[in-house]
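Sequence lines, in order, name chains A and B. If you count the first sequence from 1, position 161 lands on 161 in my numbering, and the numbers rise without skipping. If you count the second sequence from 1, position 10 lands on 10 in my numbering, and the numbers rise without skipping.
FYI, nobody ran anything at the bench for these hints, they're computed from the structure. Each residue gets a CB set at the ideal place from its N, CA and C atoms; glycine is no exception. Any given hint could be a false lead.
Residues on chain B that point at chain A, a partial pick, calculated with CB under 10 angstroms [as the list claims (entries may be wrong)]:
hint, residue
1, Leu19
2, Ser77
3, Pro153
Chain A residues, not near chain B, derived (Cβ > 12 angstroms throughout) [unchecked claim]:
hint, residue
4, Phe10
5, Arg25
6, Leu53
7, Thr56
8, Arg87
9, Ser151
10, Ala161
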Amino acid sequence: MASLLAFLLFAGLAVVCALVALFHRSVVHSAFALLGTLLGVADLFLQLGADYLAMTQVLIYVGGILVLILFGLMLTPPDRRELRPARIFLGLAVTGAGALLFLTRMDSGAWKAAPLQELPDLANQASPTAEPIGLAFLERDSWLLAFEFASVILLAALVGAVFIARRRFRVDDEGA
Amino acid sequence: MPGPLTPSDWLLAAPLLWLAGGVVAILVLDAFRPAARHEAGLAFLALLGAAWSLWPLAEAAGEPLEGIPGLPVRAFSGMLEASPGNAVVGLLCLGAAALAGILSLRSLCRLESGRHRTALWTLLLVAPAGMLVTLASSHFATLFLGIETLSLPLYVLSALRRTEEGSVEAGLKYFLLGAFASGFLVFGMALLYAGTGRMDPGAVTAALEGGALARAGLGFLYAGLLFKLAIAPFHLWVADVYQGAPTPITALMAAGTKAAAALALLHWAPPAGPLGSGAWALLACATLALANLTALNQENLKRILALSGVAHAGLLLFALAALQAAPGSGASVEAAVNFYLVAYGVSALAAFGALELLERRAGGHAEASALRGLGRRFPVAGGILALAVLSLAGIPGTAGFLGKYFVFAELVRSGEVGVALLGILLTLWSFAYYLRILVVLYMKDAAPAGGPPAVQDTPAAVALWVPAVLVVLLGVWPAPAHLL
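Here chain A stands alone, though its shape is the one from the complex (with noise of 0.2 angstroms):
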């Protein structure tokens, strides 16, 4: 019981701060609102036992990439051009459809992913998960490759990000 009604409590305050940071008029409200879906989503780890997965999923999205969004925003002028009336009818339009046609077909049987079971109380039985994770990361049948080629992409994104905020120089001497 209490676990159906905490999981209830944060998947709301995640779909909640999420229509917020659709909705609200400012941005910087947004990316606030953001906070909330991403702690109601590291709550929905937890009750599935990963606590390893829901302590990161604070520490990196809540604690590292909001905070660079709120950076960002508060760097960038506002523009306001994108508050067309047409644009946002259009828009509405499109995902009422979407969620019509979703509505009406999701009680066909086909969109269910698994039988939706009483929840198990998986938080309070499940052991640590940081030890397993750390080691299907360093195991030949599991994670290893892509756990050390995703080492090359990070190198790759760290080396385009110096090139591109590096300082322009005089011209270039180039032939051409």
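On the provided structure of chain A, position chain B as indicated by the hints.
The following block gives chain B in isolation, referenced to the frame of chain A:
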């Protein structure tokens, strides 16, 4: 207990290790000896090493390799899977990166007094690593990582001329649209996993039998892949990005990205099922028609060649249609696709490479008006561009003709004669703009030379002969690449 790496693992990981090692070596040496100009040498060493370690797989056509259980080689418990034909396409990707590097030696390397050499060469090594992973991917993780690893360096490399608006615009446009496409790809993977519980290509089969959730995921997955391949509704970025990016980088994108994305699509294509061959054939025809129509009134040769690339990608979908129509034809369709990709790749490399040299003579412009008559003034570069254009058009005696021939032959063999005829007609339509390039190069009076004289670029002029010779060689003697 985790098992040690097997010979198959090492075989498929070795090229990646060479490339990643090259990146690290360049960065470390640059940190300690910034004045020494070692980047190019290290990068070519890494590319050569990667090609050398990929060679045994490319060579092993019929017989299994020593110590490796079977072909295609599966590594890391099915994360990667590559056949000898895939390895040949992988060699093409490495070659494309090498050619892009050689073409940059006297131009891009000197931008902003050569301060960006490190970024240029490291990213030129990371991009082919991503291509190799993408074309061998047989798991959602490797597919996504591969596509991201090949895209990220290209976003940056497209914007390498930071002082030119077109280049920056190309980079930004490619980045934004590419980020959306990646979003589609990951969302599709998530839905597929939720619906089927699998992360290997078997998820596609399971999704076709499964519910709407998994099918929606399949749609998103293909949208992401078709974006990278630039198929009809997702092709709008190509002309702008190819035009704005520096031409050596365009050559790498045209040959490498396309090949990697195409092989990924083939790996993740559904087996014959409810989708049917009609959907792929329709997409192919729409892509060919749209690309041809758009290319007809373009003034910029890079845009024309970019749209020709779109048309070529569309033609590739006919191979998927053939696979759908005749389920048992997997091996021969894959061979046709591999050959087609190599044929298009070498033609595109020769075309963009020669265009880069001509562009420099025309003061950095690729407009038809700036390039007119240059074919007669610079016979070697002009001749190679003309040869590549003939190959792209599909004139017999060139690699491009055989590539198209093998694909259409598969289509006819699968019983889709009508579709094949339609495809051939659409291909003939494309002659109009290919011929226009030849008219611009040879039948117009030369424009007065503008801008400062171009530097002599011997390495580029010599390296350009390699794809040019391959265009002819594969056109008359396809056995080496088609034996798989």
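Results for each hint:
Of the supplied interface hints, the one on Leu19 (chain B) holds, with its beta-carbon coming within about 8 angstroms of a beta-carbon of chain A, less than 10 angstroms. Hint on Ser77 (chain B) holds. Least Cβ distance to chain A is approximately 5 angstroms, under the 10 angstroms limit. Annotation: Pro153 (chain B) was flagged as interfacial toward chain A, and the flag holds, the nearest CB pair being 5 angstroms apart, inside 10 angstroms. In this structure Phe10 (chain A) is separated from chain B by more than 12 angstroms, as the shortest Cβ-Cβ distance comes to about 20 angstroms.
Against the 12 angstroms criterion, Arg25 (chain A) stays outside the reach of chain B, whose nearest CB is about 24 angstroms from its own CB. For Leu53 (chain A), the shortest C-beta to C-beta distance to chain B comes to about 15 angstroms, beyond the 12 angstroms cut-off, and the non-interface label holds. Residue placement check: Thr56 (chain A) keeps its beta carbon more than 12 angstroms from all beta carbons of chain B (closest about 17 angstroms). Residue placement check: Arg87 (chain A) keeps its beta carbon more than 12 angstroms from all beta carbons of chain B (closest about 17 angstroms).
Distance check on Ser151 (chain A): its Cβ comes as close as 8 angstroms (rounded) to a Cβ of chain B, failing to clear the 12 angstroms threshold; non-interface status is violated. For Ala161 (chain A), the non-interface assignment is contradicted: its Cβ lies about 8 angstroms from the closest Cβ of chain B, within the 12 angstroms cut-off.
Violated hints, listed in ascending order, are 9, 10; each of the other numbered hints is respected by the structure.
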